[in-house]
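Q: Each protein sequence line maps, in turn, to chains A, B, C and D. Quick note on my numbering: the first sequence kicks off at 1 and runs consecutively. Quick note on my numbering: the second sequence kicks off at 1 and runs consecutively. Quick note on my numbering: the third sequence kicks off at 1 and runs consecutively. Quick note on my numbering: the fourth sequence kicks off at 1 and runs consecutively.
Some clues are possibly wrong.
Calculated cross-link-like contacts (lysine to any residue; reagent style SDA-like; alpha-carbon spacing at most 20 Å) [what the hints assert, rightly or not]:
| no. | chain 1 | residue 1 | chain 2 | residue 2 |
| --- | --- | --- | --- | --- |
| 1 | A | Lys222 | D | Gly46 |
| 2 | B | Lys53 | B | Ala36 |
| 3 | B | Lys90 | B | Gly224 |
| 4 | D | Lys222 | C | Pro78 |
| 5 | B | Lys222 | A | Gln140 |
| 6 | D | Lys90 | D | Glu153 |
| 7 | B | Lys53 | B | Glu63 |
| 8 | A | Lys72 | B | Lys53 |
| 9 | C | Lys222 | B | Asp24 |
| 10 | A | Lys72 | B | Thr226 |
Worth flagging that the hints you see were computed from the coordinates, not collected in a lab. Everything numeric in this text was worked out from a predicted model, so none of it was measured.
Residues per chain, in single letters:
Number of protein chains: 4
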Amino acid sequence: MKHTSLREECCEANIALPRSGLVDLTFGNVSVFDPAAGLFAIKPSGVPYDALKPADIVLVDLEGKVVAGDLKPSSDTPTHRRLFRAFGDKGVRSIVHTHSRCAVAFAQAARELPCLGTTHADHFHGGVPVTRPMTPGEIQGDYEWATGGVIVECFAQTDPLSIPAVLVRGHGPFAWNVSAVKALESAQALEICADMALKTLALDPAAAPLDACLLDKHFLRKHGATAYYGQ
Amino acid sequence: MKHTSLREECCEANIALPRSGLVDLTFGNVSVFDPAAGLFAIKPSGVPYDALKPADIVLVDLEGKVVAGDLKPSSDTPTHRRLFRAFGDKGVRSIVHTHSRCAVAFAQAARELPCLGTTHADHFHGGVPVTRPMTPGEIQGDYEWATGGVIVECFAQTDPLSIPAVLVRGHGPFAWNVSAVKALESAQALEICADMALKTLALDPAAAPLDACLLDKHFLRKHGATAYYGQ
Amino acid sequence: MKHTSLREECCEANIALPRSGLVDLTFGNVSVFDPAAGLFAIKPSGVPYDALKPADIVLVDLEGKVVAGDLKPSSDTPTHRRLFRAFGDKGVRSIVHTHSRCAVAFAQAARELPCLGTTHADHFHGGVPVTRPMTPGEIQGDYEWATGGVIVECFAQTDPLSIPAVLVRGHGPFAWNVSAVKALESAQALEICADMALKTLALDPAAAPLDACLLDKHFLRKHGATAYYGQ
Amino acid sequence: MKHTSLREECCEANIALPRSGLVDLTFGNVSVFDPAAGLFAIKPSGVPYDALKPADIVLVDLEGKVVAGDLKPSSDTPTHRRLFRAFGDKGVRSIVHTHSRCAVAFAQAARELPCLGTTHADHFHGGVPVTRPMTPGEIQGDYEWATGGVIVECFAQTDPLSIPAVLVRGHGPFAWNVSAVKALESAQALEICADMALKTLALDPAAAPLDACLLDKHFLRKHGATAYYGQ
Numbered sequence: 001m002k003h004t005s006l007r008e009e010c011c012e013a014n015i016a017l018p019r020s021g022l023v024d025l026t027f028g029n030v031s032v033f034d035p036a037a038g039l040f041a042i043k044p045s046g047v048p049y050d051a052l053k054p055a056d057i058v059l060v061d062l063e064g065k066v067v068a069g070d071l072k073p074s075s076d077t078p079t080h081r082r083l084f085r086a087f088g089d090k091g092v093r094s095i096v097h098t099h100s101r102c103a104v105a106f107a108q109a110a111r112e113l114p115c116l117g118t119t120h121a122d123h124f125h126g127g128v129p130v131t132r133p134m135t136p137g138e139i140q141g142d143y144e145w146a147t148g149g150v151i152v153e154c155f156a157q158t159d160p161l162s163i164p165a166v167l168v169r170g171h172g173p174f175a176w177n178v179s180a181v182k183a184l185e186s187a188q189a190l191e192i193c194a195d196m197a198l199k200t201l202a203l204d205p206a207a208a209p210l211d212a213c214l215l216d217k218h219f220l221r222k223h224g225a226t227a228y229y230g231q
Numbered sequence: 001m002k003h004t005s006l007r008e009e010c011c012e013a014n015i016a017l018p019r020s021g022l023v024d025l026t027f028g029n030v031s032v033f034d035p036a037a038g039l040f041a042i043k044p045s046g047v048p049y050d051a052l053k054p055a056d057i058v059l060v061d062l063e064g065k066v067v068a069g070d071l072k073p074s075s076d077t078p079t080h081r082r083l084f085r086a087f088g089d090k091g092v093r094s095i096v097h098t099h100s101r102c103a104v105a106f107a108q109a110a111r112e113l114p115c116l117g118t119t120h121a122d123h124f125h126g127g128v129p130v131t132r133p134m135t136p137g138e139i140q141g142d143y144e145w146a147t148g149g150v151i152v153e154c155f156a157q158t159d160p161l162s163i164p165a166v167l168v169r170g171h172g173p174f175a176w177n178v179s180a181v182k183a184l185e186s187a188q189a190l191e192i193c194a195d196m197a198l199k200t201l202a203l204d205p206a207a208a209p210l211d212a213c214l215l216d217k218h219f220l221r222k223h224g225a226t227a228y229y230g231q
Numbered sequence: 001m002k003h004t005s006l007r008e009e010c011c012e013a014n015i016a017l018p019r020s021g022l023v024d025l026t027f028g029n030v031s032v033f034d035p036a037a038g039l040f041a042i043k044p045s046g047v048p049y050d051a052l053k054p055a056d057i058v059l060v061d062l063e064g065k066v067v068a069g070d071l072k073p074s075s076d077t078p079t080h081r082r083l084f085r086a087f088g089d090k091g092v093r094s095i096v097h098t099h100s101r102c103a104v105a106f107a108q109a110a111r112e113l114p115c116l117g118t119t120h121a122d123h124f125h126g127g128v129p130v131t132r133p134m135t136p137g138e139i140q141g142d143y144e145w146a147t148g149g150v151i152v153e154c155f156a157q158t159d160p161l162s163i164p165a166v167l168v169r170g171h172g173p174f175a176w177n178v179s180a181v182k183a184l185e186s187a188q189a190l191e192i193c194a195d196m197a198l199k200t201l202a203l204d205p206a207a208a209p210l211d212a213c214l215l216d217k218h219f220l221r222k223h224g225a226t227a228y229y230g231q
Numbered sequence: 001m002k003h004t005s006l007r008e009e010c011c012e013a014n015i016a017l018p019r020s021g022l023v024d025l026t027f028g029n030v031s032v033f034d035p036a037a038g039l040f041a042i043k044p045s046g047v048p049y050d051a052l053k054p055a056d057i058v059l060v061d062l063e064g065k066v067v068a069g070d071l072k073p074s075s076d077t078p079t080h081r082r083l084f085r086a087f088g089d090k091g092v093r094s095i096v097h098t099h100s101r102c103a104v105a106f107a108q109a110a111r112e113l114p115c116l117g118t119t120h121a122d123h124f125h126g127g128v129p130v131t132r133p134m135t136p137g138e139i140q141g142d143y144e145w146a147t148g149g150v151i152v153e154c155f156a157q158t159d160p161l162s163i164p165a166v167l168v169r170g171h172g173p174f175a176w177n178v179s180a181v182k183a184l185e186s187a188q189a190l191e192i193c194a195d196m197a198l199k200t201l202a203l204d205p206a207a208a209p210l211d212a213c214l215l216d217k218h219f220l221r222k223h224g225a226t227a228y229y230g231q
């Protein structure tokens, strides 16, 4: 089997999805990118999570060609592909898509997830953005590819590893990071912060974002050159 | 045992109900229809889910006559019967009734479940309707049969497989589909979407329904002649 | 061991409490009454639920005298005793006290749990009342006995089996019924209905109570002389 | 191994954290103080909860010097140290830090957790305070030590065992008590009361605090010289 470790990392992360509590029914998938080989591994379409084996994982190159695997790749593959093309040289190696319920609520309300506390600041260096509305042409054309496009637009001025998630308007979250384990952690942190934000805004609809000084302190003590933090 | 596979499908789906998280105490039942035989299988009254065996399942014809089974059919049988009479020739083969909590909240608030996002659009081609208030005559007469009647009224102009669920006002959801497994999935999707909608409306009580173009894209990529989607 | 079956019924119900999801930490207890013997069995104070054995259960008579058991009865014993004195000849044989979270929310908001749907009407023939505020004298005196007193006041004109629960203002729910299993079911139904009501009122703060005709239909098809219902 | 029992108590409590439902991912830690020895045991940084062994636990003295253990102590160690210095002679022997979601919501909304009912009064003799905003100097300097400082300020006039928890503004809860088991119980009670308060305030944003007479009754029947209560 070619690219065994890539497929294993991808397979394990997809199996972990329903156990993480982020995924209902079949609403989610994980991909893992190999920058040296210029291809990524992704969940096949229509296989239940707990039945997945590494050999089921499909390998796709950055032009969208299936290079290994007998099954059809997830229908969301063009979205993942567009993100690896844009974010791959910035260190993003894995993407997790879920319909986790609290993050979806912000996506459906077309509302950025604000940074309301240090749990958020430990993972995201600012609010998690919402994509712009897609045009009828984008929706009726190559929809999943265009979905990747509106995500990439949000990060024109932002390092995708400083805010490793996005809310696709009316749809739900995509998260990413330097490995499948880390990308899954970003997806979990996003859902936890969205839950906390829903409860905070119920107490105070005008709750203020975290002080910028505290945001920097928390994000930077865990990430980057001066990181020192561990619970 | 007559109609073994029908009874087994019905038995398995009823056993799956409490495991799905949709059913508290004894608030739910599943039926499965055999159009060729003109009869359906349904949960017996008063048997705990985990004690059900296929031989306990009751077979009832479309006139309401018990044709096999020693136990009393669920008190909700006339509702199921009326739905199979109206929807059976449109492909509906299984009906799931639950009191799942978020769907009940919309039923109790007498509010259609709006389509606020793509999770909803993946399963329901538009808002999930609420039945009209029942009259005192309907309530005091053949109440369970009349409950089926107000449901059928909601689908006078709608293919029941395009919106495979309804909210009975002040009561709770019924869901259906082409098999027991699919009907249970519709019931789960309904509850998930109702939970997401409650959270979305908490963030924005005036949250707009999903763009019609996006609704069509998501429903039609999973259903019908041009379907191509798989996670 | 005297009154073995009474103690076993009480022990099993107390062990079931944390498994029901109604009880956090040690916030709950169950008692069971034997009208012929004029005494009731109740959880001892300070024993973890899963360590309870029938021999640990304390027997108390209606004058408050411990008649069997080496342990101290629950501090809430005077409340249970007052309820058995008032409700025992109306068929109440078991009382369940919990701090289940949604029911507590209504108790803390000093708000009757309204009957907003048929799930409620299947178990309670009308809204579940809130007790009046207790006086400083009642609080500083024999507080647990007085707690029973304000509950009894709520049922001066009401059959306690037609509405088998109450919300003690600022405190939480007591539920009861003809057996420990049925009392526990009343406590569960109360919490489920309170959760549904919280969600319904979030959608519509002015949600109307269920039509009286539908309330009667649902309660009476499950209870009393003309009952016929089973899921 | 030095201080074996202290390390075991600390290890067990840290392992219990994720099982308590209070901790997502790695958001929490527990410390245990030995007043005679003038040192405390604390979770090491970067070790998963379920892999912890007593030998991994780090011992730190009140000057901040690691006196035993090969691993790095939790980055939150200076906060714990400052609290033991201020509260150690008042009987506080263990501190639990979590990001439990409902307590975090109050911390993020910068809102004291009011005492709305007897569940709260059973554990906290009044509202649970929120710390003041930290200054840029405190944040950019010795941040974790300063976090302890703003907590200590809240208890200038209050016995820390009468209100054994605090909400750090924009961050989350710290709880404490006379042992690790009791401190964990305080952290759980805090989260339960915060959940109940969120639901109560959803029903009535102006819900009144519990009557002072009832607050005293409930707290004092469980704590102090005249305690008599047990469920």
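Q: If a hint holds in the structure, say so; if it does not, say that too.
A: Checked hints:
no. : hint                : verdict
1   : Lys222/A x Gly46/D  : 12 Å, holds
2   : Lys53/B x Ala36/B   : 24 Å, violated
3   : Lys90/B x Gly224/B  : 14 Å, holds
4   : Lys222/D x Pro78/C  : 17 Å, holds
5   : Lys222/B x Gln140/A : 14 Å, holds
6   : Lys90/D x Glu153/D  : 15 Å, holds
7   : Lys53/B x Glu63/B   : 25 Å, violated
8   : Lys72/A x Lys53/B   : 38 Å, violated
9   : Lys222/C x Asp24/B  : 17 Å, holds
10  : Lys72/A x Thr226/B  : 17 Å, holds
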